[in-house]
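In order, the protein sequence lines correspond to chains L and D. The numbers in my numbering rise by one with no breaks, and the one at position 261 of the first sequence is 261. The numbers in my numbering rise by one with no breaks, and the one at position 168 of the second sequence is 168.
Please note that the accuracy of each hint is not assured.
Unchecked claim - Footprint (simulated), chain L over chain D, 3 or more residues, beta carbon under 8 Å:
1) 38–44
2) 104–114
3) 117–123
4) 225–233
It should be emphasised that the hints constitute simulated quantities derived from the structure, not laboratory data. Yeah, the Cβ is synthetic: ideal placement off N, Cα and C, and Gly gets one too.
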Amino acid sequence: MIEAHGLTKRYGSKTAVDGIDFTVHPGRVTGFLGPNGAGKSTTMRMIVGLDHPTAGTVTVQGRPYARLRSPLTEVGALLEAKAVHPGRSARGHLRALAATHGIGDKRVDQVIEMAGLGPVARKRVKGFSLGMGQRLGIAAALLGDPHTLILDEPVNGLDPEGVAWVRGLAKHLAAEGRTVFLSSHLMSEVAVTADDLLVIGRGRIVAQGPVADVVARATSTTVRVRSPQATELAAALSGPTATVEAIEPGLLEVHGPSAAEIGELAAASRFVLHELTSVSGSLEQAYLSLTADAVEYHSATEGTDPSPAAAGAAGTTSPEAQR
Amino acid sequence: MSTATTPRIEHAHHAAPAPAVRLTPWHVLRSEWIKIWTLRSTLWTIGLTIVVLVLLAWAMAASAGVAPGQFAGGEGSASMVYMVLAPGQIFGSLVLVVLAALSITGEYGTGQVRSTFAAVPSRLPVLWAKGLVVAVVTFATAAVGTALSLLLAGAIEPAMQPDWSDPEMLRIVVGTPLYIATVALLGFALGALMRNTAATIATVIGFVLVVESVLNLISWKPLEYVRPFLPSSAGARVATPEEFLDMTNQLATQAVDLSPWGGYAVLVGWVVVILGAGALRLRTRDV
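Chain D with its partners taken away, still in its complex shape:
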């Protein structure tokens, strides 16, 4: 042993941690909170989402000035606000689904998961903590994007200033970040189950963008029983005014006419089932 190495070894002896040191769910939550903020990609994704949400709202508000008569509903109505937020609902959910999926598949892809599960061998607390962190971060991002979108749109086009006394308008404003965050959680749940970044993102985006759209276009009778239960289409109802829901129902008939919150419950059901399957796999499989 060289003299140069001796002093560093002796640190180990004096550095006994405090007796409060213990594995708790709260500590795991804190760990996951640190994890998400110590990756640069998190900040990039959040920044990108907010900027694009606001840009889309600006584009909608600016085009409204050209042809104000094309919008249904009165000033500041649910439909008016929905026009501002609808493009962002699609874009925001697609970007944040990637952030959510990566938060778990990134662990498997990099080998980080072995460090994580060696520290938390019961494993499930990691899944719950990570899911909670992802839910909070994606909801907050979408909420900030939504708020800024409404402020900007209202400033450009006074007819788009929200009418806060309208409960349906309120539902759209709350429903938009709720829908975006829940679709992101769908990506998180699939990531927990599939453990592979490319497969997860391809599946969730492929399903939302391609499969659901195609199923909504084909006028085959039995599909009436499938359409109400497609995760993204059903969940989007919470962020869509009745006026537009009626229009969609005429284009693609549905056997069950779910209420906005009923549709959202279907999306939540998908998340719960897939997350449950992921949890089961997490407990039993080697990493």
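Isolated chain L (complex conformation):
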């Protein structure tokens, strides 16, 4: 169980995390979702005491992390790939970490096997790929067989087998009653693993709850209606609870009423319908709409793209001259 109350982190005038409250429950996988720079990593670093909150508190099992008697058996954390001295071997790194809690070499060799690091365990971390570094970080998080697992972007750089392993591991550990908290900036990744969602944007929690609820609240169902009497139907449907959009002649998109309500209204008014389809929002749409106002780093839009390709398409004119 992880609980945050009014958790705030400011760096100078910039607020990275803005008074957030949340609870991460045991026995479930909780996905921590947000765009780059939304405050996910800062929040996770505050949970394990690496960053001090400017205000508010965060506790694990009811205690601040720094007060835990045996931090590694309470919480295993993967905070970023390669929080490791590159001159040490994977096994040397894990042995040194394990030693802080008197965890023996037997457990070290177990987590090496679990993470599939056997063949490279005695090689220096310097030469590790991103995926191998990630496996080492996860192995380190598992050392203490912890009650709570915190994984920041765990599937980053992993091969498909590794991704499947992390997903299976998260679900398995949650099924054992442990707390699993993993972050991602990809909705599709979180959706297949998580039971609960915590969505953060610009340092604020914009949604939390079971995955299905969050998605349902964030997406409005649209009904697509095709009718030869589209104009008349649109007039009949329009009202305070419905918005109607004419996509093309004879095709409407209706927000508000359900497909059943539209069908009944059409039958009562004797309109002919050629199509009546409910279009549910996708996960990505839900995520985009939740964080639309909260994206820290917008991609450049096409119109202002100063890339050579754009310049090339415009012939001899330079991008500056186009403005």
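Assemble the complex: chain L is given as a structure, and chain D must be docked to it using the hints.
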């Protein structure tokens, strides 16, 4: 979930650690001990230090054979032994200061520190354990280098065989590794405060090599009150015979004439103050 991944996941369940698993200062010390020996650079630095210490002693002993009359004091006296060890005192402290500083700045430079402090969130036990490990390793290295230097020098030039009944000679032999290890700890303390390898090494070596030497050369009166308290110059007194201390005092006058152990206490004072500042910063700052 593929069948290939299933068996590995089930290990997690059966591998519950023993109940004795707990964070203790003793365990942290053990962790730091493992850390220093799992880096190749440690072995390289220690080997290099010992080899160069012995080579310098060999050079001193060999040149003594050419002109035996130039040395003050009798056979095996403090001054005789000091002649053998003096070059090594400078070289040994400069090399081991790098090892000591890297042991902590390397953690910050590589990101290792986040793994370390996530495992030991109270942080300070790491600083004490690391400092202790660095002290033991640098002292042992300097002590072995010093012992081998004396053996070799004595074998080459019998007049340089230590006279163990002379308490001052004994002070030089013990003081040499003590001085080297304490200068290394000064580098460790500065590293804890500055958290940056280049800045730390530049500061400590720049201060010892350049600033202290320059201050000892300038004959400006008020500097008499500064000179006794320069960390390295003061600390070196514990590894310098009285005869040579008198010579230094004539070259660069000092307002306070510190005893050998008094000078060493000044160096220790610097280490304690800087380490204290580093500890304060460690507790309050993010990593």
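Evaluation of the provided hints:
Residue count for the stretch 38–44 of chain D with a Cβ under 8 Å from a Cβ of chain L: 4. That meets the three needed, and the coverage hint holds. Under a criterion of three residues with beta carbons nearer than 8 Å to beta carbons of chain L, the stated coverage of the stretch 104–114 of chain D is upheld, 7 such residues being counted. Check on the stretch 117–123 of chain D: 6 of its residues sit with their Cβ under 8 Å from a Cβ of chain L, so the three-residue criterion for coverage holds. Under a criterion of three residues with beta carbons nearer than 8 Å to beta carbons of chain L, the stated coverage of the stretch 225–233 of chain D fails, only 0 such residues being counted.
Checked against the numbered hints above, the structure breaks only hint 4 and satisfies the rest.
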